[in-house]
Amino acid sequence: MNSLSADSLDATVRDWLDRQAESHDPRPLFERIQRTLGRLPRSQSRRHWAWPMVAAAAVIATFLLWQESVPARTSAKQLVQEARKVHLLPLDRCYLVELRKESELLEEASPVVPPRVTHLWTRGDRFFVEATDPQFRRTWGRDDQGRVWMAFGPHRAIRIEPDEVPRWLNLYCDTLTMQPEALLGELLTHFELTREPSPTDSACHIVRARRTFDHPLAALRSAVLELDSETKVLRRLTLERMRQGRLVATVTYTLAETRLLDSDKYELEGHLQTPYEIYTRDHRPERRLVYLKRWFGPHAVLWFPPQTRP
Amino acid sequence: MADESASAASAKEMDAWVLATLPRALAFATSLVDNSAVADDLVHDCYCRLLSKSEVYDLPRDGTKLLYRAITNACINYARKRRFLSLDALAEQSGTLVDRKAEDPCQIVIQREFTQDMESAMRQLTIPQRAALELKSLGHSLQEIAEALETTPTNAGVLVHRARQTLARVLQLDEEKFA
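Protein sequence lines correspond, in order, to chains A and B.
Quick note on numbering: the numbering used here labels position 267 of the first sequence as 1206, and the sequence is numbered without any gaps.
Quick note on numbering: the numbering used here labels position 161 of the second sequence as 1248, and the sequence is numbered without any gaps.
By construction, these hints were calculated from the structure, which means they are not laboratory data.
No false leads were mixed into what you were given.
Among chain A residues calculated to face chain B with C-beta under 8 angstroms, some are:
| no. | residue |
| --- | --- |
| 1 | Ala945 |
| 2 | Val952 |
| 3 | Trp955 |
| 4 | Arg958 |
| 5 | Gln959 |
| 6 | Ala960 |
| 7 | Glu961 |
| 8 | Leu968 |
| 9 | Ile972 |
| 10 | Asp1102 |
| 11 | Gln1183 |
Since this is a predicted model, take the numbers as computed values, not measurements.
Idealized CB from N, CA, C, for every residue including glycine.
Looking at chain A on its own, in the form it has when it is part of the complex (with noise of 0.2 angstroms):
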């Protein structure tokens, strides 16, 4: 057990064990679990299900009437899929990041106290993040190979590989950040989708997302989408975010600009000039660690232990 300490392998093997149980769908066995117990019936007699079904068939009578009364009007599912198509675009958008703490969970999750304010810059599935603190100037972000990076002024920088992100600084990421392709498409999949009305004097659609399951392992429970009534454009989307089955922090992004940024801003070399160095896991590593307890405070050492090479 040389480079490898008991703590790193256990974290390993906990690692490992979440991922499976990512993996698990708990409903069919919670169903049979229920069904066992005899709390679900394997089936009712038809004297049960009979009044319901005239009720849903009443239901559903009363409800194509009044489609037939009223204006044909955009879905709710079919706002979000036009907002998808949107956001594909390569256009940036600059969104003003509010995060509100709703539990301790969200520190235990993870040990950095993520800022009030932030700015977030996203194209498509790529995203950096500018720091508003002005005594501590820093941008970071997540590049499309999963790797981390953060630019401290323009001459000095750290990168984080994928295989060295540890898990909590991931699920950062993830609540910090939105990822609008990505999440309106968890979204299409997995929530119900209800239109909801906009304020008169606003020229915006809200859709509300619901989780159609509490999964334990979600980290999403609801969202409500502002979309633009013209460009489908997301103005204001606020997300309860969600760890163990409870709500963390509500995370609000409102958008401040739109513009087109040059591409090399989503990689961190895009954020600095020449001369510059970058320390990575095999550029300096020790110089590495002193700015990642800067970031991380001084228990980055356990995240990011000094790599012991044969």
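Dock chain B against chain A, hints included.
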């Protein structure tokens, strides 16, 4: 009336507990018996036994400990019995259901490699070693592991230590292989 609402609340609490613990319990059992269908059955039986005694035990408080103890025993018993079964049992290997939605292919490959490395490393361990290491990584104390494995805390510590040694050795070998 009050009794009915209390029992409904208690049933809801139990359901929440089952849903919260189920994915990890399934993953734990699958890793011990190497067969998701068998793991499903064993975990199902363990939950049913525990839930049928929910009036005796304080499940939200002690349930997880009792559950892992029951699953560990059930898996070890199953493995013992399987030794006497025909080789056909080996053909029962079934893959787990993986939702790859919205994941990029690189991430899938990295995760698959990690999963394969870990699976082959875990297979090098005996079932008690595997159970001890996984329970330790899930935050159980040596005393709790000893109770689950019906052994002494000292022996549980030895099992954890040997499991870590083997795992470290196997993962190290893999690193060298890909260097």
